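Q: For reference, the chains in residue letters:
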Amino acid sequence: MTVTPTMLGQVIISGLLAGSLYALVALGLGLIFGVMRVLNVAHGPLLMLGAYTTFWLFRWFGLNPYLSLVLSMPLLFAVGAVLERALVRRVVDAPELSSLLLTFGVAIALVNLAQLAFTSDLRSVEYLTGSFLLGPFAFSKSRVIACAFAVGITAGAFAFLQRTRLGKAIRAVSQSRDVAQVCGIDVERIHLIAFGIASALAAAGGSLVAVMVAIQPDMGGIYTFKSFLVIVLGGVGNYPGALLGGLLLGLVEQLSSLFLTTQVNEAVAYVLLILALLIRPSGLLGGRAT
Amino acid sequence: MRRWFPPVLVAALALLSVYPLVATGYGIRVMLQLFMWIALAQSWNLISGLTGYVSFGHVAFFGMGAYTAAILITRTGWPWPAACLAGGITAMAFALLVGWPCLRLKGPYFAIAMLGMNEVLRVAASYFEGLTGGGSGLSLPTMHTSVPIYYGMGLVAVLVTALTYLIITSRFGLRLMTIREDEVAAEAMGIDTLRYKLYAFGLSAVAPGIVGGLAARDQGYIEPISVFPLTTTITMIVMALFGGKGTIWGPVLGATLLFGVQEVVWAKFIYLHQLLFGAIIVAVVLLMPRGILGVLQQRYGLPRTI
Numbered sequence: 001m002t003v004t005p006t007m008l009g010q011v012i013i014s015g016l017l018a019g020s021l022y023a024l025v026a027l028g029l030g031l032i033f034g035v036m037r038v039l040n041v042a043h044g045p046l047l048m049l050g051a052y053t054t055f056w057l058f059r060w061f062g063l064n065p066y067l068s069l070v071l072s073m074p075l076l077f078a079v080g081a082v083l084e085r086a087l088v089r090r091v092v093d094a095p096e097l098s099s100l101l102l103t104f105g106v107a108i109a110l111v112n113l114a115q116l117a118f119t120s121d122l123r124s125v126e127y128l129t130g131s132f133l134l135g136p137f138a139f140s141k142s143r144v145i146a147c148a149f150a151v152g153i154t155a156g157a158f159a160f161l162q163r164t165r166l167g168k169a170i171r172a173v174s175q176s177r178d179v180a181q182v183c184g185i186d187v188e189r190i191h192l193i194a195f196g197i198a199s200a201l202a203a204a205g206g207s208l209v210a211v212m213v214a215i216q217p218d219m220g221g222i223y224t225f226k227s228f229l230v231i232v233l234g235g236v237g238n239y240p241g242a243l244l245g246g247l248l249l250g251l252v253e254q255l256s257s258l259f260l261t262t263q264v265n266e267a268v269a270y271v272l273l274i275l276a277l278l279i280r281p282s283g284l285l286g287g288r289a290t
Numbered sequence: 001m002r003r004w005f006p007p008v009l010v011a012a013l014a015l016l017s018v019y020p021l022v023a024t025g026y027g028i029r030v031m032l033q034l035f036m037w038i039a040l041a042q043s044w045n046l047i048s049g050l051t052g053y054v055s056f057g058h059v060a061f062f063g064m065g066a067y068t069a070a071i072l073i074t075r076t077g078w079p080w081p082a083a084c085l086a087g088g089i090t091a092m093a094f095a096l097l098v099g100w101p102c103l104r105l106k107g108p109y110f111a112i113a114m115l116g117m118n119e120v121l122r123v124a125a126s127y128f129e130g131l132t133g134g135g136s137g138l139s140l141p142t143m144h145t146s147v148p149i150y151y152g153m154g155l156v157a158v159l160v161t162a163l164t165y166l167i168i169t170s171r172f173g174l175r176l177m178t179i180r181e182d183e184v185a186a187e188a189m190g191i192d193t194l195r196y197k198l199y200a201f202g203l204s205a206v207a208p209g210i211v212g213g214l215a216a217r218d219q220g221y222i223e224p225i226s227v228f229p230l231t232t233t234i235t236m237i238v239m240a241l242f243g244g245k246g247t248i249w250g251p252v253l254g255a256t257l258l259f260g261v262q263e264v265v266w267a268k269f270i271y272l273h274q275l276l277f278g279a280i281i282v283a284v285v286l287l288m289p290r291g292i293l294g295v296l297q298q299r300y301g302l303p304r305t306i
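As they're listed, the protein sequences go chains A and B.
All residue numbers for the first sequence refer to our numbering, where the first residue is 1 and numbers rise by one.
All residue numbers for the second sequence refer to our numbering, where the first residue is 1 and numbers rise by one.
Keep in mind the hints are simulated off the structure, nothing from the lab.
Don't take each hint at face value.
Claimed, not checked - Pair ranges (Cβ atoms, derived):
no. : chain 1 : residue 1 : chain 2 : residue 2 : range
1   : B       : Pro229    : A       : Thr2      : 17 to 27 Å
2   : A       : Asn265    : B       : Leu131    : 14 to 24 Å
3   : B       : Lys106    : A       : Val144    : 38 to 48 Å
4   : B       : Ile89     : A       : Ala78     : 47 to 57 Å
5   : B       : Arg195    : A       : Gln181    : 37 to 47 Å
6   : B       : Ser226    : A       : Leu122    : 14 to 24 Å
Since this is a predicted model, take the numbers as computed values, not measurements.
The beta-carbon is built from N, C-alpha and C at its ideal position, and this holds for glycine as well.
Please take these sequences and the hints and turn them into a complete structure.
A: The structure is reproduced here in structure tokens:
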């Protein structure tokens with residue numbers, strides 16, 4: 001197969017569009033991992049709940065899927081906060097094995113609950129179809145708009161982390177919990193807020209992909225995995241690194257799709273993860289030592 | 001160990017070895033599945049229970065064994081016991097190959113890398129159609145009876161439990177548990193941690209490889225999604241955790257209890273299966289991190305590793 005410059009340009013742009021969503025979702029997972037040292041395996045299932053929120057609001061009330069962000073994010077913030085208070089808080093100081101298994105259990109249970117409540121039928125939000133045409137390139141409208149929202153929300157999250165007192169406190173806990181505590185930061189409250197924000201970011205991702213892909217109870221697992229890949233690429237605790245990692249993953253996936261069948265392309269992310277873990281475990285930009 | 005335990009164990013094994021003489025076909029199939037789960041949970045326990053390195057992709061070795069055995073049986077006409085053994089050896093070789101880089105990764109990194117390995121294998125099994133039949137799978141010649149498989153599975157379950165006993169009561173086991181408790185301290189004490197983790201990982205892949213082959217032989221048909229499902233990994237983890245990870249009898253107890261409950265009760269609530277598994281994992285992690293056996297040990301003052 002010959003690759004023309006037009007095709008290359010098309011996949012690069014598609015890659016960046018997809019990557020912005022990966023970055024948004026991964027930022028949430030990275031936040032929890034950085035602040036609490038917990039790998040939240042239930043991050044993808046939380047995204048799935050966000051997607052269903054958008055779907056039902058659209059189905060019942062005809063609510064614009066992008067407007068539903070205003071509801072899905074606070075809703076999942078609350079779900080995340082409850083999860084943190086009820087379960088995750090108890091294993092923060094336990095060996096990593098415990099938190100990993102605990103959130104794994106939560107993930108399985110959430111997926112099964114979604115199957116019971118919503119059935120396993122594939123759902124879709126048929127809202128925005130068609131493409132923008134720009135010269136030789138065509139961009140799916142839903143992806144362009146999702147990318148714009150993802151960039152906006154991610155920028156908002158960064159501004160929050162960089163500028164506000166609360167954001168600074170979160171970063172402080174992420175850098176050193178003990179020192180933060182000595183400085184008078186209520187670490188438990190920061191954990192709660194970070195978990196809530198991370199869940200809200202997952203929900204935002206879910207609401208945005210709801211317009212683009214089939215919604216089903218086990219759609220989330222792949223996002224947990226890809227988000228983990230993104231934070232490994234970017235470096236743990238390195239939040240700007242997560243952006244770079246997300247864009248890189250999007251690009252690599254789109255580029256490899258030129259040469260590989262869809263089925264094999266699924267494995268690209270996994271191969272990339274294993275390579276990244278082995279070659280540069282501290283991330284592209286360097287992060288905290290693992 | 002209590003004095004009554006060895007005679008009871010011998011009696012139980014003797015009963016199980018004559019069970020096929022009186023059992024129905026259904027009874028034999030149920031028991032052979034129980035043996036399979038004991039072997040799988042016990043194998044997961046060998047790496048994850050002893051060293052603390054959680055493998056989220058252990059079903060990969062099951063699938064690897066299933067495909068190796070099925071390919072040898074259908075394409076080269078190997079007798080099935082040899083093919084299943086070859087499945088175990090292939091799985092071990094693969095574990096050593098993958099473990100050499102991946103066991104340097106700590107905590108969640110290792111867990112996720114294993115998850116990834118399983119996905120890559122599943123895709124590979126679909127992709128190399130010439131060898132594996134791709135998505136349409138492989139059919140094996142039919143068997144008239146499951147009795148040989150019953151003995152095969154039972155033997156693997158007994159051997160892997162015996163292996164766990166030997167490891168836990170040896171210096172090797174002590175080294176593994178030292179790695180689990182504090183890897184840096186283990187290294188400071190001169191333990192070549194990577195080497196011992198690698199040994200444990202390799203050993204933990206043998207039994208899944210063999211039972212994968214046996215299961216393929218028994219079911220007569222395999223395809224990528226039937227031998228690499230994440231739910232199998234979940235089930236073995238839940239069984240080992242529920243019984244008590246890092247012990248000899250915990251995985252046996254966990255597999256027996258959960259499999260029994262599953263056969264009797266949950267067959268009626270098939271839709272709640274995963275929810276209950278998830279709830280069990282959460283409850284065990286929060287309330288009894290050492291499993292049912294841990295609770296019993298505490299109550300009756302038994303040694304902590306049995």
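Q: None of the hints should be skipped; say for each whether it holds.
A: Structure-based check of all given hints:
no., hint, result
1, Pro229(B) / Thr2(A): 17 to 27 Å, "violated, 39 Å"
2, Asn265(A) / Leu131(B): 14 to 24 Å, "holds, 21 Å"
3, Lys106(B) / Val144(A): 38 to 48 Å, "holds, 40 Å"
4, Ile89(B) / Ala78(A): 47 to 57 Å, "holds, 52 Å"
5, Arg195(B) / Gln181(A): 37 to 47 Å, "holds, 39 Å"
6, Ser226(B) / Leu122(A): 14 to 24 Å, "holds, 22 Å"
Checked against the numbered hints above, the structure breaks only hint 1 and satisfies the rest.
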